[in-house]
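So the protein lines, in turn, are chains A and B. The first sequence runs 2 to 429 under our numbering. The second sequence runs 198 to 458 under our numbering.
I should point out that these hints are in silico values taken from the structure, not numbers from a laboratory. Some hints here could point you the wrong way.
To be verified - Non-contacting residues of chain A with respect to chain B, defined by C-beta distances greater than 12 Å in every case (computed):
(1) F66
(2) S68
(3) L94
(4) K188
(5) P195
(6) L202
(7) V301
(8) I313
(9) H372
(10) S393
(11) A421
As the list claims (entries may be wrong) - The calculated lysine to aspartate or glutamate pairs, modelled on EDC-like cross-linking and capped at a C-alpha distance of 20 Å, are:
(12) B:K362 <-> B:E205
(13) B:K319 <-> A:E218
(14) B:K247 <-> B:D313
(15) B:K362 <-> B:E390
(16) A:K214 <-> B:D313
(17) B:K319 <-> B:E304
(18) B:K427 <-> B:E390
(19) B:K247 <-> A:E306
(20) B:K247 <-> B:E259
(21) B:K227 <-> B:D256
(22) B:K319 <-> A:D217
(23) B:K362 <-> B:D313
For each residue, glycine too, the CB sits at the ideal point set by N, CA and C.
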Amino acid sequence: MSAQTDDLVKQDEPEPDEPAEGLAALGAYIRDYFARVRGGELGSIPALVGLVVITGVFALVHQGFLSAYNLEALVIQAAPIIVMAMGLVFVLLLGEIDLSAGTTGGLCSAITAVLILRQGASWWLALIVGLVTGLVIGFAMGWLRARVGIPSFVITLATFLAFQGVTLILIGGQGSVILPDNSPLIKLENSFVPLWLGWVLLAVVVVGYAATKVNDELGRRRSGISRAPFTVIAAKVVILAVLGAAFTYEMGVNRNLSTNAFFNNKAQGMPWVVVLLLILFTVWNFVLSRTRYGLHLYAVGGNEEASRRAGIVVSRIRISVFVICSGMAAVSGIIAASLLQSVQSNAGAGNTLLLAVGAAVIGGTSLFGGHGRIIDAVLGGLVVAVIINGMSDLIQGANSAGYEWVVTGAVLLLAAGFDAVVRRSRTT
Amino acid sequence: MTSVPTLELRGVDKSFGPVHVLSSVNLTAKAGEVTALVGDNGAGKTTLVKCIGGIYRVDAGELIFDGTPRTVNGPRDAALLGVEIVYQDLALADNLDIVQNMFLGREEITRVRTLDENSMEKLARQALDSLSVRTVRSVRQHVASLSGGQRQTVAIAKSVLWQSKVVILDEPTAALGVAQTGQVLDLVRRLAEQGVAVILVSHNMNDVMKVADSIGVLFLGRMAAQVRRKDVTQTQVVELITAGRSGDLGLSPEESSGAAV
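Make a model of the complete structure from these sequences and hints.
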């Protein structure tokens, strides 16, 4: 998966000898992997298993769950959850929480929409103002946490309520602000990457992934430390390529039901938001797994006192995660606005945050700090989106919304309980 | 034995408000030797360690490194002078692996500003090998999976990595079983053999008598005596700790009657 998984992989032999190739090395690698899993380092396994199982169940009970049409719906539903969860991973890594991420996103998207529609600002200027607002909010909350010392739970509970109010005031009595039809912001979720570009993107992703992995491994072998056999790398690349190709192919199917002389615009290709997700994933994954800053996030989350003694400026790290989280919340809010083609007066309220926290935790990020990766947000976000999407088809009738809430809550509790149990097994 | 000590304290005073915790303490620690620092609870061991580490500033007295008096105004100064303190709580991050813990705060960076994992792993491995550590299977293990003795090993190996001149170990064996205590004491010995001046703070007389070359005994904030290990018996050291004097060793009778407090 990500670079971190492989960094965690350890040698079986204490001496960095000549790397043994072939079946012996592969066997050692696999044994080692299972030893680690038994030790409580589960990585992405629970989320992946969960994703496959619930997708399988919904696909069985509901015809067309895996159709191109529904797949697109899944992706654009998951996108705002995933982006917000990516930001939350940073906050959770430090054992903090941002309860206001949802309403921060709502507020930022409301500011953007109001600027476009009422002030006549150009869309990019409005977008920048919205995103900068997110960063400023994050800085303020981080400052209150790190310098003033208010628990993040309280700060963000306060802003959760307050921002809901500000959004309500901004949007006003009409209940929603509808984005103009031709706005590029709407295109993000409702317009599609040309087919050829989709395949080019897939090629870039697969080749980039393979090149990174091989380059890492060659570097390790040059230094006399070898861990992953090339067979394993090749297997991972092939799996990525196959899944990516399946997705790209399925998304290439035309989803417009009636194409005739009057309506011959086709809906085919993956939504543009997929490109945004890929970029955000790559950037943040790089930051977390390969930079000094990323390592220091884990260190502070794992042992604050040790980090301080090692010379890490803990307060600066703490402020930075709130800035990143609120910034990502703003991006998520804009994506949600693009999905709805409007901003509601209750944007970001309700279960928005709950779903994103659930996504991060289901993906494998710990609520206790120190454990979490960006891939968690992606996998967890997909799980949550699949549940919501599948449930809405499965449960019909007057109380369907109620059941959805109950199931979502239960899944979150299950994931958090799982996290707590795994954590206990790790420490003892 | 005529060489200049790596660290020498002369007449170190430290008080917190009206409480005199240390009064004119002298101590020398030579390269290649283990200098034990013993004393009863409240004798001032921890305060003395923190003065050397720059966490407290001394009120009076000199800290002399390699023959040159230096002022230590903070932990950073002490680190620059080559002082490394291994605290009892070890300060390791459980969720990071051994390499990451050893390099925390001083990571190696490649030309493109990313972490240089490979060279860090190699250096960490070398540091452990130089101490003949055989108990650690892989340097990419998370610290959470290590035993108490292995954690202590990692914390001590860190000081080898940074080529520290003075390594202060605060009760390294306090929480360990018999076998692991033995391993850690071996490690302390090997660390000294590398030319490091090791200061071992300990309550455990057996450990002290086993590994120390020199023993400094603090009694109520005064240095009762600093003696060579081979010149004393365990009984004498215990007397120094509890009474401040033993025969003609230690403080004069009037000094040892609690004058420092």
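Tested hints:
no., hint, result
1, F66, "holds (38 Å)"
2, S68, "holds (42 Å)"
3, L94, "violated (9 Å)"
4, K188, "holds (34 Å)"
5, P195, "holds (33 Å)"
6, L202, "holds (24 Å)"
7, V301, "violated (8 Å)"
8, I313, "violated (6 Å)"
9, H372, "violated (6 Å)"
10, S393, "holds (38 Å)"
11, A421, "holds (16 Å)"
12, B:K362 <-> B:E205, "holds (13 Å)"
13, B:K319 <-> A:E218, "holds (15 Å)"
14, B:K247 <-> B:D313, "violated (33 Å)"
15, B:K362 <-> B:E390, "holds (12 Å)"
16, A:K214 <-> B:D313, "holds (15 Å)"
17, B:K319 <-> B:E304, "holds (13 Å)"
18, B:K427 <-> B:E390, "holds (18 Å)"
19, B:K247 <-> A:E306, "holds (16 Å)"
20, B:K247 <-> B:E259, "holds (14 Å)"
21, B:K227 <-> B:D256, "violated (24 Å)"
22, B:K319 <-> A:D217, "holds (15 Å)"
23, B:K362 <-> B:D313, "violated (26 Å)"
The structure fails to meet hints 3, 7, 8, 9, 14, 21 and 23 from the earlier list, while all remaining hints are met.
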